[in-house]
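*Asks:* The chain contents come next:
Protein chains: 2
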Amino acid sequence: MATKPSIPKGTRDFSPAEVSKRNYILSIIRAHFEQYGYQPIETPSFENSDTLMGKYGEEGDRLIFKILNSGNYFYNKNKIELPPTLESLQIKDADSISVEERISLNKFTAKISEKALRYDLTVPFARYVVQHQNEIEFPFKRYQIQPVWRADRPQKGRFREFYQCDADVVGSTSLWQEVELIQLYDSVFSALGLEGVTIKINNRKILSGIAEVIGASDKLIDFTVALDKLDKIGEDGVKKEMMEKGISEEALQKVQPLFHFTGSIQEKIEKLATLLASSQEGMKGIEELRFICENVTRLGLQKSILDLDVTLARGLNYYTGAIFEVSAPTGVAMGSIGGGGRYDDLTGIFGLKNMSGVGISFGLDRIYLVLEELNLFPDTVATSTKVLFLNYGVSQAFEAMQTIKKLRSQGIKVELYPDAAKIDKQFKHAERRAIPFVVKEIVETKFSLKNLKTGTQTQVDFNQLLEEVTTK
Amino acid sequence: MATKPSIPKGTRDFSPAEVSKRNYILSIIRAHFEQYGYQPIETPSFENSDTLMGKYGEEGDRLIFKILNSGNYFYNKNKIELPPTLESLQIKDADSISVEERISLNKFTAKISEKALRYDLTVPFARYVVQHQNEIEFPFKRYQIQPVWRADRPQKGRFREFYQCDADVVGSTSLWQEVELIQLYDSVFSALGLEGVTIKINNRKILSGIAEVIGASDKLIDFTVALDKLDKIGEDGVKKEMMEKGISEEALQKVQPLFHFTGSIQEKIEKLATLLASSQEGMKGIEELRFICENVTRLGLQKSILDLDVTLARGLNYYTGAIFEVSAPTGVAMGSIGGGGRYDDLTGIFGLKNMSGVGISFGLDRIYLVLEELNLFPDTVATSTKVLFLNYGVSQAFEAMQTIKKLRSQGIKVELYPDAAKIDKQFKHAERRAIPFVVKEIVETKFSLKNLKTGTQTQVDFNQLLEEVTTK
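Protein sequences appear in the order of chains A and B.
If you're matching positions, the first sequence starts at 365 in the working numbering and goes up one per residue.
If you're matching positions, the second sequence starts at 365 in the working numbering and goes up one per residue.
Chain A with its partners taken away, still in its complex shape (with noise of 0.2 Å):
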């Protein structure tokens, strides 16, 4: 026990200053959910393995923590067999193992472990909505803030274990719905104080309708990747790219405006009508975009800007109609700090058809940088204890105690002393703590109180004492 204690590399421990930051964050994001008629539910850390794998690809299964089998169980219950190749396993690298040894051990594990950490909140969800199907009243507006796993090599603003904050909406296809999301982003960015979050959106179906018109609907993701980097390499560059992928010259004259994709919302519906108008698909995507975007405008925004982007491209193996990535104002580095998107079969992978969901993701520990980076924190998010008494010895402590009782009945954060060490030394306390009063002696129903920040010391009765310490 000489070494000092660590945690599995991608976890965190967080102090309370950090905990205090993130709640702040959190409450402000179920404050609104709760304001837009999302309700919130909680599922179990782990699920059925048979519930997650097979969800989320094949690199997915692998990132997914499984839990060992416990107690009895674990050698009592299943007939375990093992795999014939585990010895010759031991010493090969993950990547060069042969298809077959990979289910060999897959079957080993799935035996020895039937459990395995939440990796996201989106198929608990669905899950949990087609488990309780019978007693859920549709439309279901659901709200869900909690840690989930994943076995991904950890590095800077990557973890391990993290939070995720959903908000979806299942059993409508409502287009409101994309515009009330919109401005639920809005009204969370704008109560955290961030000016000139971006907004993204995007929709499936002119994706689609731009692989019909390139007629390429497999090239579509390294069209989009490409478009994405035209700010960085210009068209020439993106042009080349696209053209190494196998992209006709002649595909690429059709839809040319994409390179030149500026101006108001409206002016890029109207060049997308034009370019798209042979397909159906991105003609329903612009309807859809149009109504979305229309109504987001005329309702205004608060402190956010919407934009339309088609190179915006995330979650495309799912999404089948908007697609959301919101980025954090101009100037901050960092990646998108929230997204989201329709998907028109959301339980249908546990046999429930016909459900369209849509929903939006807000990426805490993002959000977290962003509002230090910005010095967005309120002052009060820090503060805890607002108020400390100084340990006389026991008599006084008492005194202290009558009156600290007092104080926390009205709400006041406040604490005693425990000892009755050197007053020096309690001093110190409340001042790496960061208490902004200390009450030093008690005499009859006076207190001699400390404004640690002005370093001023008054005699106040415990009404002056209440209003010093409550108003500043």
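Since the hints were made in silico from the structure, they are not lab data.
There's no promise every hint is true.
Because identical chains share one entry, a pair is satisfied inside a single copy or across any pair of copies.
What the hints assert, rightly or not - With a straight-line cut-off of 35 Å between C-alpha atoms, the simulated DSBU-like cross-links for lysine-lysine are:
no.: 1; residue 1: LYS583; residue 2: LYS789
no.: 2; residue 1: LYS786; residue 2: LYS635
no.: 3; residue 1: LYS385; residue 2: LYS618
no.: 4; residue 1: LYS520; residue 2: LYS804
no.: 5; residue 1: LYS583; residue 2: LYS603
no.: 6; residue 1: LYS368; residue 2: LYS385
no.: 7; residue 1: LYS786; residue 2: LYS717
no.: 8; residue 1: LYS789; residue 2: LYS603
Given the structure of chain A, go ahead and fit chain B onto it with the hints provided.
*Replies:* Structure of chain B alone, referenced to chain A:
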């Protein structure tokens, strides 16, 4: 995928109503923790196995959920030694395996798993204090509200995932902290509307004193277990059981007053003082009890009762001073709803000596059941959305959205029914979700507002609408 999805046994989904009620309890606990100067920390859901293993006894080790090493790590980095007896273990019962077999199995487990889910909040807190000792200003008052996991056999009221809500202070031996923790229990339960909660207190040193007096330190647990049955099996029954356990009749004679241990706390303390006069440690315990009880009594409790219970022996293995346990008001059949105590060497297991700690814990699940049984959840807890605007099609929906935006900016929880469905269906939706107000037609600046509780319908302007839904 035809089978209905389910969750692992011992885990729970929480519906919106349940989450709201749980959050109501947690918000009151949290607010009082902070009034008393406790600061929040959070630790990772999983710790390195060696942080947890061996800290909870052999039983605890078995109940800790272990996480399988993931990705490459599993089969690459570690040279896994297969347990020679694994084949035979598969068909054995956990209780019948030999020591060698268990060691072999434990070695195997340690090879394939290096992380484990948090089993309680105390060990991670001790680890946190040692790891961050240079950043912490002592005495350190911390609270922590997070889930823990135990592979216990699930049964009524016992789950494999549940929240713990702990407040502990470390780095001071002052008994004012015990005084405060009793006040804290009282403040929280009073704020929750619970009348007549009993906060029971005992002291490990009293128990040691009794053991000294009966001349058998090794029989202490047998003694307290038997004494605890006084209500059920009477004095003769208890004495019979004690003698069967090897406690002599002469010893019982010496502690005869414990069989009629009634009266005020002060009377009980005086009885104990006589009884334990020959035990130095016992008298130290009495001195501590006297300080705590006298000050708590003089400062006064709100709705709770303080009682001295010499049979209280929870955590006998680690508590060294005060022991607390809280029981629900008389008439509610429920085990303890809280407990705690002082441990002189909290962080010793991680190499930091002489750190005395004292803390208490709140049992969220049981408090929930008590409030439910006594019907003490305020109506406002269940109220989610306050107003539903009916949807008559795009044009009126837009007008509704304009008003909704204004109401939300006032903090009102309000929704638009997303689809222009039949009005009857929209009304049913409001009823099923217990939304109290519905706004029907909007004509110019007038709203048809229906109160679903009273059935009354009125024509109101915006200010009247705001007032109506805010006040009722």
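*Asks:* Look at each hint and say if it fits the structure.
*Replies:* Right, here's what the structure says about each hint:
Taking identical chains as interchangeable, the C-alpha atoms of LYS583 and LYS789 are never at most 35 Å apart, the minima being 69 Å within one chain and 45 Å between chains. For the homomeric pair LYS786 and LYS635, neither the shortest alpha-carbon distance inside one copy (76 Å) nor that between copies (37 Å) is at most 35 Å. In this assembly of identical chains, the alpha carbons of LYS385 and LYS618 never lie at most 35 Å apart, being 50 Å within a copy and 58 Å across copies at closest. In this assembly of identical chains, LYS520 and LYS804 lie within 35 Å of each other by CA distance neither inside one copy nor across copies; the values are 46 Å within and 52 Å between.
Taking the closest pair of Cα atoms, LYS583 and LYS603 come within 35 Å of each other only inside a single copy of the chain (13 Å); across copies the shortest separation is 85 Å, beyond that limit. Proximity of LYS368 and LYS385 under a CA criterion of 35 Å is satisfied intra-copy only: 28 Å inside one chain copy versus 40 Å between copies. Only between protomers do LYS786 and LYS717 lie at most 35 Å apart by alpha-carbon distance; the minimum there is 23 Å, versus 71 Å within a single protomer. In this homomeric assembly, LYS789 and LYS603 never come within 35 Å of each other (Cα to Cα): the closest approach is 69 Å inside a single copy and 53 Å across copies.
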